[in-house]
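**Student:** Given next are the chains, with one letter for each unit.
Protein chains: 6
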Amino acid sequence: MLDYDLVQRELYTGVICDVLDSLGFPNQAMEADIRPVMPHLTLVGRARTALSVDVYEVLENCYEKEIAWVDDLQPGDVAVGCTNRSTRTGLWGELLSTASRARGARGAVMDGYMRDARRITDMGFPVFAAGMRPVDSRGRSVVLDYDVPIVCAGVSVRPGDIVFGDIDGVAIIPSEVAEETVARALEKVRREDESRAELQAGMYLRDVFAKYGVL
Amino acid sequence: MLDYDLVQRELYTGVICDVLDSLGFPNQAMEADIRPVMPHLTLVGRARTALSVDVYEVLENCYEKEIAWVDDLQPGDVAVGCTNRSTRTGLWGELLSTASRARGARGAVMDGYMRDARRITDMGFPVFAAGMRPVDSRGRSVVLDYDVPIVCAGVSVRPGDIVFGDIDGVAIIPSEVAEETVARALEKVRREDESRAELQAGMYLRDVFAKYGVL
Amino acid sequence: MLDYDLVQRELYTGVICDVLDSLGFPNQAMEADIRPVMPHLTLVGRARTALSVDVYEVLENCYEKEIAWVDDLQPGDVAVGCTNRSTRTGLWGELLSTASRARGARGAVMDGYMRDARRITDMGFPVFAAGMRPVDSRGRSVVLDYDVPIVCAGVSVRPGDIVFGDIDGVAIIPSEVAEETVARALEKVRREDESRAELQAGMYLRDVFAKYGVL
Amino acid sequence: MLDYDLVQRELYTGVICDVLDSLGFPNQAMEADIRPVMPHLTLVGRARTALSVDVYEVLENCYEKEIAWVDDLQPGDVAVGCTNRSTRTGLWGELLSTASRARGARGAVMDGYMRDARRITDMGFPVFAAGMRPVDSRGRSVVLDYDVPIVCAGVSVRPGDIVFGDIDGVAIIPSEVAEETVARALEKVRREDESRAELQAGMYLRDVFAKYGVL
Amino acid sequence: MLDYDLVQRELYTGVICDVLDSLGFPNQAMEADIRPVMPHLTLVGRARTALSVDVYEVLENCYEKEIAWVDDLQPGDVAVGCTNRSTRTGLWGELLSTASRARGARGAVMDGYMRDARRITDMGFPVFAAGMRPVDSRGRSVVLDYDVPIVCAGVSVRPGDIVFGDIDGVAIIPSEVAEETVARALEKVRREDESRAELQAGMYLRDVFAKYGVL
Amino acid sequence: MLDYDLVQRELYTGVICDVLDSLGFPNQAMEADIRPVMPHLTLVGRARTALSVDVYEVLENCYEKEIAWVDDLQPGDVAVGCTNRSTRTGLWGELLSTASRARGARGAVMDGYMRDARRITDMGFPVFAAGMRPVDSRGRSVVLDYDVPIVCAGVSVRPGDIVFGDIDGVAIIPSEVAEETVARALEKVRREDESRAELQAGMYLRDVFAKYGVL
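Chains as they are written, first to last, in this note's numbering: chain W, 57 to 271; chain Y, 57 to 271; chain R, 57 to 271; chain D, 57 to 271; chain G, 57 to 271; chain H, 57 to 271.
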């Protein structure tokens, strides 16, 4: 199993995407509008997906699946919500963040809007979203199901995939290549450190590329 | 009349939108691209609207209505500008902010672009806008009229409505329900504080929801 | 030749665009989604353009022109990249920033995505881009050529034009009016300082406008 | 009850929207991308709504509600589908058209894509949609429920509202003003015939407007 | 003065844009969503511009300038309307078409929506627009002024410029090069007829290009 | 090898996409804005791809690769052009259509704009494109290469894949499953004919679905 704290400390999305490219997974970076509320925080964990759909009336038990999703989060999990890119609803907020953290979750990623950014920032709970809008989901959307395959901001996410987010955005590591991706990425970081040192020392890019074979 | 300083200190857009939902006003949150220049500042005040329209020549007296709008601002007012979502013009900037503050205005909200963000930040004058672009309105747009009904980023705003903006975005409270909205919101904040404390103590979301009846 | 440090210290994009308007160049401000990674930094320098195009296979020598572009940067240059607004590729990143700075370049502007924002921030190297996405260009895009005319975020840029970027966005000063633009802008800043002082002292905008003839 | 054949023969969307404006219902025209497959056909009938939501797996019984919706259509009904503007799925097609017509339905309106346009044209069954894409809904979307309130291309539609579509687009007449709208529209058509005759005879628009009070 | 009927019969937008390119006017083709209601009709005439702006209340005399614009049209004119790309209002319709034709106008081009497409088709009056929406301008927009410079679907249009529209879209010929553009275009049509004949006879494109120097 | 004429006569995009879904290829339908110039024509053939990129100057030999692409077309080929969704250039037109047909090509598909729609219609040459704009590629774009992998309107296309277009849009059949797709589709058409007959006879959809297992 992955050591999330190590991964979070040592890696960054760029190197992860480069490794995923080399493993034949070029479509793992979410679209660029998914941004962290706190750009200095890195998020790593296991995806726990939910599919939210827009509705146009207040349904009975409208929070039922949403509550079950959050109450079922385990330590190391990251809540990943697909709203089908809704611009009406606000799927995530402070109470869900507080409840998630109480279950041991490490953060949340939404392809739609969140709210309560100030309190979430005070909590230091990493949330990535397409923006903020101060509305509740009641009468706007319901969680149809959780632990189901989704597409979040252009990337397929299955329960158990690894979520990695930082200031550059969010990448999804398919669970079957998670260990290999991390191992290769740790190695690539070392080589980039060497290239960087050479560049800082004034070496030309063409010579660094000739020497290390990577940019 | 509302105590703007109290409202600004105690409330946030999320709770205001929840209360407006419950009062039958579900469309009061502006679209998510209207963002504060200074995310830590909250803005509350009375809407003073203006309608700006794009033009394609330099008109004589092109600043006339714009100047009158700003010079007519009163203490407690918030300048709210509709540009019909123009991406050409820059309706708001530092000189207008300086002039507005001198009249006692509390801030400004635009559905288009502003400029001079650095100086406005230095002033600590809360401005919410769709983005920044360093251009003047001259030859690009004119204020057609002020104190008229507008739609700003998807929300109807009439002169005298209450503007509430913070890091999550901007909500408009129709003047006829302003007092009731604020009263209910202050009450809801207290209940959320209790829910939050229970969640932080490890209570499951389903139990908190069963107990308090709200998320 | 321009004193870039003076220009960077004394001017801001708003005044530059106003002067360019008055000189008959109204289309010099890039579209509003081109944002600085570090909003407090101002960028001034000579444009060194490159044209990047999206491809759908890994080309041999795919970095050749990109490397040549960066290795050929001179002190005072700003790398300006046109990706034709690609949302697939990440043209700029930390290694290119490190290499550019080693050549004396002052910053970079892209009409697409960059990555490695954290390290670039640590370097204090001013980069302006349409967003962040943690992907490499390999298999996604190639630099077709450099030192060619481009359109970057709606503005024509020729090699040798002057780039000016700050928190409000990016403006391009055509090389043939660079000296005049800067001279007039320095003068306009002084007049605006006077207007501002009068407004701060409580003078009405109509009177300030009547007295100074500018907003 | 409305005589749909009379309404279809005598009225057009423009006059209906004008009357709805005058009755205080200004938001009844769908967005302009909802177009008829057969522009010469007019569609009138009672809305039978369905809400379709995008999913990312093949669900068991994925056609259950969709089948029930269509099998439950009655003579005079129009199937109105909300896909939340999905660009992935194709909610409507020829088999559903054939089944709907067998039930007596008069047509269909979708805020997403349809397919099988050639056969539907051969049938002469009026379908209005946001476009065509030759994909099935299986594994892409499911009908969550039917006979529920929806928003279709920007307009609220409740079961029982009246749908009116022609070459200019689709308007929804709220059921409570259906009779009055039709009565006033028939009257307005007569007045417009008179204005038109005067204009054709060469009268100036200002004189026609002065005489009839309408454009 | 141009012989509009000759131009309409002999030329097409493609050859006009090629000639305008060669004369140094590369930005004369409107954006591609401006489409003819009747694709088989060609429109040529003198631009009579109007600037319409969105408003959010019913203004007194809201039709005043719109009526004056249409009543002032002269034989050979084409009404060209800028709505700043409004998706709310319907600026053009059948009564305006009838009135315009009565004045001798040859057609209309709008950067927004029109309505009454069926009757306008029956009239055979060439209208080009961004789409159809069956709403009136009352309470949605007003004509601010006419015979003013506008930008229509990305192209600058001044009163007196020549409008040329056909199935491929709309081009604007600046008045100062109108005669030269037409003369060169008539000549280019002849050369293209020769190239086409050679291609139809089976000659390779490279040989045709070598021989005629044009594609 | 496929009998293109048979495929063209018997099949339609909907049944092809259903079969491709069942074979595990769900992303083969192009985005919905790729429309046929002549909706009644079906296009089938072998993809010959080209990658066009936007440029901002007139390059020497700017037509070189474009000419080679077209001159190299073989009987049964379909020219498929990727412009990276350019809205500036017009990649395809009548002379290229004439030259292509002379080589035996069956049609063309572009993810950008075409021109000369009237003459192409007169020729009866099937072209599918994102729209029309009457501009040439000179100074706007160049063909970078041909017979290379591309993405066209959201679908990966490799040289030799099968293109199928009709009124519902364009689908790409990967070459390795072309024979199987066609065989299954011919079979599925027969079953749909039976379902249709039952529905036309008044059978309920639920019973048809129970009997045939497909919609």
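Any given hint might turn out to be false.
Copies of the same chain look alike in the list, so a pair counts if it fits in one copy or across any two.
As the list claims (entries may be wrong) - In silico DSS-like cross-links for lysine-lysine, where the CA-CA straight-line distance does not exceed 27 Å:
id: 1; residue 1: Lys121; residue 2: Lys267
id: 2; residue 1: Lys121; residue 2: Lys244
id: 3; residue 1: Lys267; residue 2: Lys244
Just so you know, these hints were derived from the structure itself, not from any lab.
**Student:** From the Cα coordinates, with 27 Å as the cut-off, is the pair Lys121 and Lys267 best called within, between, both, or neither?
**Tutor:** So Lys121 and Lys267 pass the 27 Å test across copies only (18 Å; inside, 54 Å).
**Student:** Evaluate Lys267 and Lys244 at a C-alpha cut-off of 27 Å and name the case that applies: within, between, both or neither.
**Tutor:** within (14 Å within a copy, 51 Å between copies)
**Student:** First find the shortest C-alpha distance between Lys121 and Lys244 inside one copy, then the shortest across copies, and answer within, between, both or neither for a cut-off of 27 Å.
**Tutor:** For Lys121 and Lys244, the Cα distance is within 27 Å only across copies (24 Å; inside one copy 41 Å).
In summary, the structure agrees with every hint in the numbered list given earlier.
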